[in-house]
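All chains, full assembly: derive it from the sequences and hints.
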Amino acid sequence: MTDTYAQTVVSTGRRGSKPARPASDRRQRRTSRVFLYLAMSVFAVIFMFPLVFMFVSSLKPDAQILQDVDSIAAFIPTGDISLDNYFGVFDRVPVAQFLFNSVLVTVLTVGLGLVVNSMAGFALARLEWKGKLVVLALIIATLIVPFETIAVPMVYWVSQLPTLVIEGGMLKYDFGWLNTYEVQIVPFIANAFSIFLFTQYFSTIPKSLDEAARIDGASWFTIYRRIVVPLSGPAFATVAILTFLPAWNQYLWPLMVVQKEELRPVMVGMQYFFQLNTAWGEVMAYTSLITLPVLIVFLVFQRAFVSSIAASGVKG
Amino acid sequence: MTVTSPQRALKRARSIKGRETWAGVAMIAPAGILLILFLVIPVLLAFGLSFTNARLISPNPPRFVGADNFVRAFIADPTFAQSALNTLLFAIVVVPVQAGLGLLLAVLVNRRMRGVTAFRVIFFIPVVTSIVVVSILWKFMYQKDGLINSFIDQITFGAWEGIDWLNNPTTALPAIIVLSIWQAVGFHMIIWLSGLQTIPEELYEAARMDGASPWRQFTNVTWPGLRPTMVFVLVTITIAALGLFVQIDVMTQGGPVNSTSTIVFHAVRKGYEQQEIGYAAAISLIFFVAVLIIALIQRRITRDKD
Numbered sequence: 001m002t003d004t005y006a007q008t009v010v011s012t013g014r015r016g017s018k019p020a021r022p023a024s025d026r027r028q029r030r031t032s033r034v035f036l037y038l039a040m041s042v043f044a045v046i047f048m049f050p051l052v053f054m055f056v057s058s059l060k061p062d063a064q065i066l067q068d069v070d071s072i073a074a075f076i077p078t079g080d081i082s083l084d085n086y087f088g089v090f091d092r093v094p095v096a097q098f099l100f101n102s103v104l105v106t107v108l109t110v111g112l113g114l115v116v117n118s119m120a121g122f123a124l125a126r127l128e129w130k131g132k133l134v135v136l137a138l139i140i141a142t143l144i145v146p147f148e149t150i151a152v153p154m155v156y157w158v159s160q161l162p163t164l165v166i167e168g169g170m171l172k173y174d175f176g177w178l179n180t181y182e183v184q185i186v187p188f189i190a191n192a193f194s195i196f197l198f199t200q201y202f203s204t205i206p207k208s209l210d211e212a213a214r215i216d217g218a219s220w221f222t223i224y225r226r227i228v229v230p231l232s233g234p235a236f237a238t239v240a241i242l243t244f245l246p247a248w249n250q251y252l253w254p255l256m257v258v259q260k261e262e263l264r265p266v267m268v269g270m271q272y273f274f275q276l277n278t279a280w281g282e283v284m285a286y287t288s289l290i291t292l293p294v295l296i297v298f299l300v301f302q303r304a305f306v307s308s309i310a311a312s313g314v315k316g
Numbered sequence: 001m002t003v004t005s006p007q008r009a010l011k012r013a014r015s016i017k018g019r020e021t022w023a024g025v026a027m028i029a030p031a032g033i034l035l036i037l038f039l040v041i042p043v044l045l046a047f048g049l050s051f052t053n054a055r056l057i058s059p060n061p062p063r064f065v066g067a068d069n070f071v072r073a074f075i076a077d078p079t080f081a082q083s084a085l086n087t088l089l090f091a092i093v094v095v096p097v098q099a100g101l102g103l104l105l106a107v108l109v110n111r112r113m114r115g116v117t118a119f120r121v122i123f124f125i126p127v128v129t130s131i132v133v134v135s136i137l138w139k140f141m142y143q144k145d146g147l148i149n150s151f152i153d154q155i156t157f158g159a160w161e162g163i164d165w166l167n168n169p170t171t172a173l174p175a176i177i178v179l180s181i182w183q184a185v186g187f188h189m190i191i192w193l194s195g196l197q198t199i200p201e202e203l204y205e206a207a208r209m210d211g212a213s214p215w216r217q218f219t220n221v222t223w224p225g226l227r228p229t230m231v232f233v234l235v236t237i238t239i240a241a242l243g244l245f246v247q248i249d250v251m252t253q254g255g256p257v258n259s260t261s262t263i264v265f266h267a268v269r270k271g272y273e274q275q276e277i278g279y280a281a282a283i284s285l286i287f288f289v290a291v292l293i294i295a296l297i298q299r300r301i302t303r304d305k306d
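Going down the list, the protein sequences come from chains A and B.
Just so it is clear: in the first sequence, position 231 is 231 by my numbering, and no numbers are missing.
Just so it is clear: in the second sequence, position 140 is 140 by my numbering, and no numbers are missing.
If you are wondering where the hints come from, they were derived from the structure by calculation, not from laboratory data.
Using N, Cα and C, we set each Cβ at its ideal position, and we do this for glycine too.
Fair warning: there could be bad hints in the mix.
[What the hints assert, rightly or not] Here chain A is said to cover these stretches of chain B; the calculated rule only asks that three of the stretch's residues, wherever they fall, bring their Cβ under 8 angstroms from a Cβ of chain A:
1) 133-146
2) 259-270
3) 291-297
[To be verified] The calculated SDA-like cross-link candidates involving lysine to any residue, where the alpha carbons are at most 25 angstroms apart (straight line), are:
4) B:K144 x B:N167
5) B:K144 x A:V56
6) A:K130 x A:L143
7) B:K144 x A:K132
8) A:K260 x B:R55
9) A:K260 x B:Q253
10) B:K144 x A:K207
11) A:K132 x B:P30
12) A:K130 x B:Q298
13) B:K144 x B:V121
14) A:K260 x B:P78
15) A:K132 x B:L37
16) B:K144 x A:L143
17) A:K260 x B:Y272
18) A:K132 x B:N167
19) A:K130 x B:L37
20) B:K144 x A:Q64
21) A:K130 x B:Y272
22) A:K207 x B:R19
This is how it looks when you write it as structure tokens:
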């Protein structure tokens with residue numbers, strides 16, 4: 001496997017090329033180019049077919065979905081096409097509520113995360129204070145804790161946390177974060193990796209800007225807000241994108257801590273479709289509905305998406 | 001202009017320093033407190049609970065039981081052993097295949113050609129699709145009369161019997177491996193791609209001038225240049241693979257006969273569904289230590305090769 005792609009890399013003259021190439025060389029380049037497009041197209045089909053199948057099936061009645069599986073018709077919107085499955089979905093589950101919950105949780109997690117983590121990054125990158133290096137080391141150390149390992153103990157932990165509730169017009173003190181919005185948001189605001197990315201980016205901005213502002217009497221918070229934040233658009237975009245996907249896709253956590261239907265996010269709402277006989281047409285309509293918003297966001301910002309993923313890997 | 005005494009200047013400098021410390025602590029406090037509350041404490045809690053018989057909802061306070069939970073995991077719980085084995089098997093296949101395929105895709109799309117960006121976007125689409133959605137979709141396609149069987153039937157001209165992929169203990173885990181690779185390989189393609197683009201073009205020019213064959217250019221220029229990227233890719237895939245949960249929960253619930261149960265799935269089943277938090281914490285702790293050891297070994301091996 002390795003040597004075929006090594007050859008294609010070079011034989012197509014990936015970057016720059018020698019001045020004059022003989023005709024045979026050019027012909028060879030053309031054939032390898034055709035081969036490349038062919039290979040990429042095969043992969044494109046592999047990566048696309050399940051999603052095309054999903055969108056197309058969401059428009060068909062159940063009987064026809066099962067029938068069409070035997071032919072290419074599975075990928076073509078033909079026959080009895082309608083939006084009936086989508087209406088069925090709205091009848092079966094409170095989709096609007098689920099979507100609202102997911103949007104709320106995602107926006108607040110990402111938004112508050114940008115503020116909290118960028119401030120932490122500022123403190124680590126641009127301020128001198130006692131214990132900074134220890135804190136930085138600790139934050140990097142937390143990167144190796146996979147969420148899955150603490151998920152179950154954390155259910156126990158949040159069920160003991162104090163909270164304020166409004167009961168009969170009175171503000172009361174109570175225990176237990178289960179079945180709330182905050183339990184879906186607050187634990188995911190601070191993020192060690194986001195702090196790390198902000199710290200790295202902020203240290204590339206010249207420190208002389210801070211000194212000039214200090215002489216003019218600016219407070220550190222003003223320097224953060226007026227100088228560093230406006231200069232760090234790419235870092236904010238990267239962190240927003242990297243935290244957006246996991247927030248929207250949350251599954252394990254809300255599954256365990258949110259039993260109230262009216263507070264559940266879209267991914268957990270999936271469960272309502274697998275009782276008794278599964279109506280696959282409706283399942284496909286629901287999955288299409290919750291995939292489309294993310295897909296649109298991705299296609300609009302695909303350049304930023306790709307460069308933020310790349311940025312996350314560069315640290316090596 | 002006033003002349004300040006050295007003492008006063010020192011005092012002033014100290015107070016500026018003090019203010020800076022104060023500002024630094026204040027600005028890191030929100031993130032710091034949240035990390036302590038929702039990361040440090042849960043880790044310590046996992047550690048503490050793993051030596052108790054704590055239950056999720058129980059009138060009795062947790063009681064210290066020593067190493068009982070660990071003994072139980074290693075000796076008296078065959079499902080745990082099976083889950084550990086399945087998780088390991090999954091990782092052993094997924095890590096090299098996903099990393100290799102990601103590199104192949106990265107090399108394919110790392111060139112200036114018309115339409116290459118479109119291909120990058122297409123390869124990346126499964127990554128932005130939720131793993132829950134992906135699991136449901138593939139569960140549907142893996143049915144006995146589903147798309148996968150019908151496709152194999154077509155290309156073998158009807159010789160294919162058809163398998164109930166997810167209900168067969170020998171095919172269930174491989175089926176989940178395939179869709180897991182399919183879903184995440186685009187992510188690693190992008191990481192590899194960023195690694196490829198850090199290799200300076202001059203190195204290739206120099207190698208060509210020395211008459212290096214394409215293969216030698218790959219082994220002597222591309223591959224060494226990708227080493228830091230490789231470490232990152234391998235470690236991230238390994239950690240993700242060992243945490244396998246959603247696919248199992250959505251597609252098989254660990255079945256048939258525990259052939260797809262994983263460590264995290266087992267911990268959730270014990271701790272959440274059966275409310276045995278203490279035992280689940282012990283499993284989580286074992287898992288954490290395993291992840292740590294594997295990640296450290298990986299870093300060491302990949303570094304030493306240099």
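Hints the structure violates: just list their numbers, smallest first.
7, 10, 12, 13, 14, 16, 18 and 21
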